[in-house]
Amino acid sequence: MNVSYDNSIEHENRPKGLLRRYVFSRDHKVIGIQFLFSTLLWMVLGGLLALGIRWQLAWPWSDMPIVGSWLFAEQGGQITPEFYTVLFTMHGTIMIFFVVIPILSGAFGNYLIPLMIGARDMAFPTLNMLSYWLMWPAFALMVLAFLAPGHGPAAGWTAYPPLSVIYEAAPGSHGAQTLWLLSLLLVGISSMLGAINYITTIFQMRAPGLTLFRMPMTIWTLLVTAILQAFTLPVLTVALVMQLADRLVGTSFFIPVSIAVNSNDYSGAWGQPLLWQHLFWFYSHPAVYIMILPAMGMVSDIICCFARKPLFGYRPMVYSVMAIAVLSFVVWGHHMFVSGMSPYLGMAFMISTTLIALPSGVKVFNWLATLWGGQIHFTTSMLFCISFIVMFVIGGLSGVMLASSSVDEHLHDTHYIVAHFHYVLFAGTIMAVFGCIYFWFPKMFGRHMHELLGKVHFVLTFVSLNCTFFPMHLLGHSGFLRRTADPYGEAFAHLQPLNQFITYSALVMGAVQVLFLINFVFSLCWGRRATENPWRACTLEWMTSSPPPHGNFVAIPNVICGPHEYSDPECEHDFRPQGVVA
Amino acid sequence: MKWFWAVLFLSMPVAAVVIYVGSAFNVGPLESTWMPPAMSEHAHQIDHLFNVFNLILAVVLGVTGVILFIALLRTDLNKPAKFVRGHVGLELGWTLVPAGVLVFLAMYQANTWRTNKMERPVETPVARVIARQFEWDFYYPGPDGLLATADDLYSINRLVVPVNRQVVLELSSDDVIHSFSVPKLRLKQDIVPGTVHRVWFRPTQIGDLEIVCAELCGWGHYNMRATLSIVSPDEYERWIGELRATTSGEGQ
Chain A
1 MNVSYDNSIE HENRPKGLLR RYVFSRDHKV IGIQFLFSTL LWMVLGGLLA LGIRWQLAWP
61 WSDMPIVGSW LFAEQGGQIT PEFYTVLFTM HGTIMIFFVV IPILSGAFGN YLIPLMIGAR
121 DMAFPTLNML SYWLMWPAFA LMVLAFLAPG HGPAAGWTAY PPLSVIYEAA PGSHGAQTLW
181 LLSLLLVGIS SMLGAINYIT TIFQMRAPGL TLFRMPMTIW TLLVTAILQA FTLPVLTVAL
241 VMQLADRLVG TSFFIPVSIA VNSNDYSGAW GQPLLWQHLF WFYSHPAVYI MILPAMGMVS
301 DIICCFARKP LFGYRPMVYS VMAIAVLSFV VWGHHMFVSG MSPYLGMAFM ISTTLIALPS
361 GVKVFNWLAT LWGGQIHFTT SMLFCISFIV MFVIGGLSGV MLASSSVDEH LHDTHYIVAH
421 FHYVLFAGTI MAVFGCIYFW FPKMFGRHMH ELLGKVHFVL TFVSLNCTFF PMHLLGHSGF
481 LRRTADPYGE AFAHLQPLNQ FITYSALVMG AVQVLFLINF VFSLCWGRRA TENPWRACTL
541 EWMTSSPPPH GNFVAIPNVI CGPHEYSDPE CEHDFRPQGV VA
Chain B
1001 MKWFWAVLFL SMPVAAVVIY VGSAFNVGPL ESTWMPPAMS EHAHQIDHLF NVFNLILAVV
1061 LGVTGVILFI ALLRTDLNKP AKFVRGHVGL ELGWTLVPAG VLVFLAMYQA NTWRTNKMER
1121 PVETPVARVI ARQFEWDFYY PGPDGLLATA DDLYSINRLV VPVNRQVVLE LSSDDVIHSF
1181 SVPKLRLKQD IVPGTVHRVW FRPTQIGDLE IVCAELCGWG HYNMRATLSI VSPDEYERWI
1241 GELRATTSGE GQ
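From first to last, the protein sequence lines stand for chains A and B.
The first sequence begins at 1 in our numbering and counts up by one.
The second sequence begins at 1001 in our numbering and counts up by one.
One should not assume that every hint holds.
In silico DSSO-like pairs for lysine-lysine, Cα to Cα no more than 27 Å straight-line [claimed, not checked]:
| id | chain 1 | residue 1 | chain 2 | residue 2 |
| --- | --- | --- | --- | --- |
| 1 | B | K1082 | A | K16 |
| 2 | B | K1002 | B | K1079 |
| 3 | B | K1079 | A | K16 |
| 4 | B | K1082 | B | K1002 |
Please keep in mind that the hints were generated in silico from the structure rather than gathered at the bench.
Since the model is a prediction, treat every value here as computed from it, not as a measurement.
This is chain A alone, in the form it adopts within the complex (with noise of 0.2 Å):
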């Protein structure tokens, strides 16, 4: 486990120019804001395209205000069926596979893994720089995708056949879902050369003493992220490769016997759609995990810091995220309990997912009790992390009432499962992200974010996300469908007061984040400067400059002990450093 090869060397060698030492850098902290920078960017668009959904469902058919007549000028400024169907497949493609999974794992990931372990940089440096690099014809093939003829892919994220194979089946069922497959495809690829780095790194590059269970929790988390992603990502990769087959070269992987789409006969086909659910859900029931867990390490540290305690029972934290991880490959059924799938097989699932809310709830208990006698300093990125544990705590909570196949027949497919997803991705994984970067924004610039704007930032988003995701549970129970460009008819349409209360607070809670790019930019040109420790943080990335220096150490730490060792009475300051410099 120590570190092998001649540290000093690497340290000289910094690259020269500034093509190499900042855009094909394989230096890890550049890789990491990269990713940091682009995941940013792109969540902008999601965001906008979840406006978009917004408006329709609120106001149906009626003309938007300002960008409306030169976004749909042939339909008189009108979103129309067809591409309303783009917008909610867009929204959710771009924000789980462009902003969710590579901020987490590539951008916090990349950053924090070699300085929390005590490295100079990952395994793989060069295949690091791959990861990113591949992400860029990824994002290219989307935006083209948004170009081709039918203007996007209009299968949903979950694009599931034979709506999403064959060409007369719906307009963004041509050249776009091939390109959207493709861009796929590649985020897959970028994903599992990440994975790879990251599980070699952590278990070969620790520095002396960084025994497995004196890791911070977000390499933990990190690190079973990396290694579910190794599992499940050839799963879904094989199910893209499959669909693009049916798609191009006539393959019938997915395609059904004799079917009829607008009048094109498919009689030679002998697929089977629930296949591809099967194949999908067997990678994107543990992506959600993928898409949570090192947003849980990361609080965990975080929270540890700011009540200047240890994290109460850190082992019974690590089996727990162990637990989560295993249980998540044995749970993807909960997707398809009124799929046609056996109802034998249903039961099985209902029982499996209602055992993985065990380990989640004890992590909430473990944070809880960590908050509880703790001397606690509301910075912004402690009330992010908080409200993390609130907010974690209701999209779990309406987990367990999905997870029960028979009331789940009546939401599945409605708002509630909206409504899930978004206290799970935003109200947790986001938040926690916005308490991430206000945490380690000092370490990543040298400089630290305006406290008090970061507070209004905090207040306001929590307020206005709450104000819009909550209603949708009610929508939900009321029967009000996703996916669905104008489902009032007869039996919704008292739901449409909702629907704009739901959307004025998606419209403030967009703005608000705002407040969060000012203070981002603000901060980064003229912010307080940082010192080296400025959270008097226990890890091994606060024993370094802020920010590090090519190489991240000047002399590689011992460590001595755990993570977490805040306000022990045997220690002079409230902080014990997990490593000293020999």
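We have chain A already, so just place chain B on it with the hints.
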């Protein structure tokens, strides 16, 4: 300042519980935001599960919210934090108790799923439902009394079934995946092309219900709706008679 943050974080769980109570009891602006009226036995069973679950979830939400509230209020910047690493008893407690609750929840609901999904009824189907972009076609047995024969009677976008009788439907799709969903029956079944699915229910009230497609099936997905009329047995016979008069064996 800690008061402000503690109250802010408590406000959300409290608001959640208040909104849910308001919705369940149809208070003011939250009127008709609960489950739609239940019109079959199956729907009543699901509503029962939904209510029991909500009670338990509300307790968990309230308890965690209050614990966090107290933890935030008790903090004092002038006092050092307690140096504790964990507690075996507590860990065991909050592992075993939730495990018991979750096992209870799984067992409590299992029977509903078994009776409604795993035990297929013996009755022959009342009608065939064929979904395609973007309409619902309903076929009834013709004079020969058999489904899927040349003399089937058909109706587009209107399905009529008798009340208080086990209704079995046979579902299939001509093109992509659709989903036969009737919110007031709490019924939802995806229709995978190439597969014939069965659903069954026993309606308990007379009325017109909305059938919606719940699985994205293309640009016209939102418009794929039909009416399910639950009628008295007499009315049902009259409807079949009318169908016989208007369709003359043009079915599949």
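Status of the hints after comparison with the structure:
1. K1082(B) / K16(A): The given pair, whose Cα atoms are some 49 Å apart, is violated under the 27 Å limit.
2. K1002(B) / K1079(B): Holds - the C-alpha atoms of K1079(B) and K1002(B) are around 14 Å apart, at most 27 Å.
3. K1079(B) / K16(A): Violated, because 50 Å separates the two Cα atoms, which is more than 27 Å.
4. K1082(B) / K1002(B): 18 Å, holds
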